[in-house]
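Enquirer: Sequence:
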Amino acid sequence: RWQAAWNETAVFQTDNDDPRPKYYVLEMFPYPSGRIHMGHVRNYTMGDVVARYKAARGFNVLHPMGWDAFGMPAENAAMERGVHPAEWTYQNIATMKRQLQSMGLSLDWSRELATCDPEYSAQQQRLFLDMLEAGFVARRSSTVNWDPVDRTVLANEQVIDGKGWRSGAPVERRELEQWVFRISAMAEELLEAIDGLTKWPEKVRLMQANWIGRSRGLQFAFETVGAPPGFDRLEVYTTRPDTLMGATFAAVSPDHPLARALEPGNPSIAAFNAECRRIGTSEEALETAEKRGIDTGIRVRHPLDPSLELPVWVANFILMDYGTGAIFGCPAHDQRDLDFVRKYGLPVIDVYMAADGGEPVHDEAYVPPKSEPVRYVRPVAGGAVMTGEEAVEAAIALAEGQGFGHGVVRYRLRDWGLSRQRYWGCPIPIIHCGACGAVPVPRDRLPVELPRDVDFDRPGNPLDRHDAWRLVPCPRCGGAARRETDTMDTFVDSSWYFARFTAPRADTPTDAADVGYWMNVDQYIGGIEHAILHLLYSRFWTRVMRDCGLTAISEPFRRLLTQGMVLNEIWFRKPASGRIAYYNPAEVEAAGEGERRTGVLKSDGEPVEYGGIGTMSKSRRNGVDPQALIDRYGADTARLFTMFAAPPEHTLEWSDEGVEGAFRFMRRLWKIVHAHVQFGPAGELRPDSLEPAQRALRRQLHQTLAKVGDDIGRRRTFNTAIAAVMELLNALARFDDRSAQGRAVMQEALDLVVLMLSPFVPHAAHALWQALGHATPVVNERWPAVDQAALAQDTVEIIVQVNGRLRGRVQIAAGADEAAAREAALADPGVSKFVAGQTVRKFVYVPGKLVNVVV
RNA sequence: GCCGGGGUGGUGGAAUUGGUAGACACAGCAGACUCAAAAUCUGCCGACCGCAAGGUCAUGCGAGUUCGAUUCUCGCCCUCGGCACCA
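For this note's numbering, add 80 to where a residue sits in the first sequence, where the first one is 1.
Listed next, with one range per pair, are the computed distances between beta-carbon atoms:
| # | residue 1 | residue 2 | range |
| --- | --- | --- | --- |
| 1 | Gly-910 | Pro-440 | 56 to 64 Å |
| 2 | Pro-337 | Arg-795 | 52 to 60 Å |
| 3 | Ala-865 | Asp-711 | 33 to 41 Å |
Straight-line C-alpha distance at most 20 Å; calculated SDA-like pairs for lysine to any residue:
| # | residue 1 | residue 2 |
| --- | --- | --- |
| 4 | Lys-283 | Leu-271 |
| 5 | Lys-177 | Ile-710 |
| 6 | Lys-698 | Trp-168 |
| 7 | Lys-177 | Gln-707 |
| 8 | Lys-922 | Asn-932 |
| 9 | Lys-177 | Val-704 |
| 10 | Lys-450 | Ala-289 |
| 11 | Lys-929 | Leu-906 |
| 12 | Lys-102 | Ser-634 |
| 13 | Lys-177 | Gly-114 |
| 14 | Lys-698 | Ile-173 |
| 15 | Lys-682 | Arg-700 |
| 16 | Lys-177 | Gly-714 |
| 17 | Lys-682 | Arg-701 |
| 18 | Lys-698 | Ser-735 |
| 19 | Lys-450 | Asp-436 |
| 20 | Lys-929 | Gln-891 |
Just so you know, the hints here were simulated from the structure itself, not pulled from any lab data.
Beta carbons: idealized from backbone N, C-alpha and C, even for Gly.
Please model the entire structure based on the sequences and the hints provided.
Expert: Below is the structure:
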């Protein structure tokens, strides 16, 4: 009912013609999976609290909402239920929009957008062409998971234990020509700029830095012996060239050109490589697979001792994507290499590094941190004690001096492959012509829209089969040509939507005035699971837009709050063949704890397997629908409870116990306000003529106001803000003072309580503010100022410790000096009995807090 | 495997800069009100010892730094997230 008042006056619609300072609050927009879940409630309530708080603080707040609307689930729905992805998606958007609106969020819905809207795709295609012209786009070969039965590309998520999720067939790694964004060219800038992200969580900055993975090392060439023509040299990159003296073998990735060149003449290597290609493409799968290798028979000469020849192996743990796809192995100082040589009976060279002052270690690999001083037992240069870093530089200098290698800086960050062999994504505006190659679609012919008449009867991308759409004349030569049928990675859609929100209807990707006014996003809020990819891609795109002249800024998000995930139990059945099936915890009758947890499906009484706890996700079907909560208790209670249940950054294991407590609190607040107003308006407050109890309540009131402002505004610890107001309300309930000044204090307290709670429970606050006798809506109210005079105290309680243990409390004058504190402390009977007869060796005084007597 | 978090009563959590461990809630127990129940209100609520006053132990485990450690350092265990085609 009260939401109507907000909507009629359009209080949350914003524009940039406003004298107030701007504040842009954004939560990561949802994928329209069907219905909102608890993670959404948590995320969007946090954003709403910040938005409403900032508005009350006098900011012109932009708080928009949209839909990350392309993606695989829509295609799955099409395959399973025959509904068109667009229809499925827009229906879900309608449902979820209704649900979000029932939460009473202070959103500017006039800016709503969905990434699958043709207008959004059109602008994204313009950006793609800008990037192509600016040299940020390249075409190159990269690996995908190939399902040989369904003859289709699989996402990593669709590969389960190395098999396709539908066909059950072992997947193969396959090379495809794909479009990439050259994000690695920006690695250094993206890394350096992390220092400036001072309002991002340290953990996210660390994860991003590690992901970019700058390293300095030695790149050098082994001279080969017995290699096929064209492989006279084997390029190797290492970050530990100081271990080169310990090299006992070299190894290449199964995808390395040398390994491939050997396949035709060597069936066992061909078989080994083929086997390795069945691991899939994910780094996790490659790194956790059993370490295996095969000898090629080729040898390389050790660059520092050409008489020493090392065998060259193909090994499944070498990543083609990192370094040169070839390494040397040093078993004495790398545990993985040691395991490998032991497994295959290769020689282990004796150790040549030892801890400074320690003895050499022989039974396991000794891997000192690079910063630590190490004694080089068999020296690269001079037998000195030096840090790994110094030794690395010495080894590089040696290699450069002898001319077999040189120092290089490399990054772990790889280019961003954006091609997806799928229908439900933004079309890539390219036409392939036999004569002209890849030709951009002319800008006046944008957007390239997806054809609606597609069928999902067969696996694979229906665009590949849609000749009416696919076959077009070449824009350059007019000859027969075909459209690019790959669509863009959905990460592209979410890498610039924050900028589009500043001018969602512009017929260019962004509008200079709007984006200049609103960007950066002042507060971005979203799940910690996006700490690396989405946030890094967005940082990249913002720079690309800058370099293309679309924005002036480099960083999209000034302040970042990474919300902890909402977890729930996972239940599934895994049939012998075919697709794994997940069940919502609400459908399962469960018993036991931990390892012994078991369950049966309520509908058929048959057992289901317990998969531990994990994030609520559509694919695992373990989400909780908050609608029941909202229907039963109202949006305010749902909002209050999710904010109170845990600190924002913590994971939250879902349970709906405790919702009753939030509801009870709302009722208590309601009752206490109405108990107060039934006696009519309160008189004027005269702060200087209050009784001690009235003064004490006012002090607590203004302490709470200061804390709540700090908790919301600076700390973003919404749970402690609510707890403080609960504590205050408990005090108000005990405050039974009907005198004129008692009622005046109560009026002030209830006014401030309602204002403090209004960002959390806007509907109730709206009604209670009216009940308290105010004519204007609470949503237009400014955040109240703390009365510093009310906080003043004559005496303070300090705690007294003896040898660090609590032994008493004493009241002393506020601002007392150490001598006075000491006298008061030692006079306390509880203290003196522990000090009596002993020598005071030390006296610690923390003014206003504690003293510690050390005896 | 690699990178990054988290671990505090029966439960969610608080302790903001190294300074009272357990605020605020949930659950539970007892009482008041009621014919009764619900709702509401009041009290108790980490473990152990003690009639009590009070004391001892206790923040995943083990060490360390400090007058003082949930907080800092090192090692370990468990768990969650990410690992480039889930979003």
